[in-house]
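Peer 1: Sequence:
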Amino acid sequence: MLNASYKDMLSKKSVIRELSEFANKRGEEIGYENVFDYSLGNPSVPAPEKFTKALINILETKDPMEIHGYSPSLGIPSVKEAVAESLNERFGMNYEGKHIFMTSAAAGAIAHALRAVTEPGDEVIIFAPYFPEYIPYITGAGCKVRVVPANTEDFQINFEEFEKLLTPSVKAVLVNTPNNPTGVVYSTATIKKLSSLLKEKSHEFGFNIYLISDEPYREIVFGGVESPYVSAYYDYSISCYSYSKSLSLPGERIGYIAVNPANPDAATIVNMCGQISRGTGHNCPSSLMQYGITEVLYETSDLSVYEKNMNILYDELVRLGFTVVKPGGTFYIFPKALEDDAVAFCKKALKYDLVLVPADSFACPGYFRMAYCIDTEKVERSIEALRTFVKSEYPAK
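All residue numbers for the sequence shown refer to our numbering, where the first residue is 1 and numbers rise by one.
In silico DSS-like links for lysine-lysine, alpha-carbon gap of 30 Å or less:
#, residue 1, residue 2
1, Lys193, Lys171
2, Lys378, Lys336
3, Lys13, Lys25
4, Lys391, Lys347
5, Lys62, Lys98
6, Lys308, Lys391
7, Lys308, Lys348
8, Lys192, Lys326
9, Lys351, Lys12
10, Lys391, Lys326
11, Lys326, Lys336
12, Lys308, Lys347
Keep in mind that the hints were calculated from the coordinates and are not lab data.
Produce the entire structure from the sequences given, and follow the hints as far as they go.
Peer 2: Laid out in structure tokens, this is it:
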């Protein structure tokens, strides 16, 4: 007998992936260089040369049994210590290796964090618009999803609606800043208010509500934008990180959990993650990748192209009459469609070989996402297609 819940998911496939597949097929017909594919958040800049050289050196100098063997369940101790030290230096924290759990990127980190601090039947709050895969992450842990409606004025947290959902059934809150899909960075004022409210409600309810922070875009922040480190403001926080974006390593699936050391249960949570791995089949990430990232903990790819692409698109979208909040980071922009039905809007765009993602699955109907992690030359060529699309389909705008 087939599992009904996973079979049901076949009819709810990722819209992002389906549009990416469409773009690739269309590229076979007209050349992919002529498809303006803004669907998938796949980094468009190479990993640092230093990382490649580090891997070569590791392969040539370390014991093959060490780099190709299983790592300890919680991660390689020297790697965990190095990650902790880098976080302390950058964000003024007090992590030790025992507070770090190495994972298969941020998805694996979130899956472990959710299971560590909730029981089946508990509620987890997320904020619209959100990364659609949060839903299977949360329901896969046996929890119920509660969604705070979007604050479309600036895409900071809608605190009025958040407080309505913050009941004793809520055991964890999941945030994403810098944010996918909006590109908005939560301000220090927002994080402080969120932390204060969680402290207040934790005291009122008699237990600690956990704050899980999904941070794969932490290093992609544009000039002049402040990006507070969430865990610095709330003791019962868990940082979930991936090197997929900062180092352009999405295919390597390497990241970590960092449990706030101010939490007296921090080391216990990390140890629990090792046991959660036993039940989920996660086991441990690649030993080679763990050693590799220790050589580039203070490095990033050349991320400047993303801000350049953002400015090109933002300026043109505003000129064309779109309502759009200017991103403070990531490689996403989130305009309001020129009609109420964003799905219909994005379907019309396909006629002009513009692949845009409607935001219905992000719980924000009427908007669409553009992932501008593509070559700047292609962004510039897409402007004419965008102008033609708007002029032809929405002449009144």
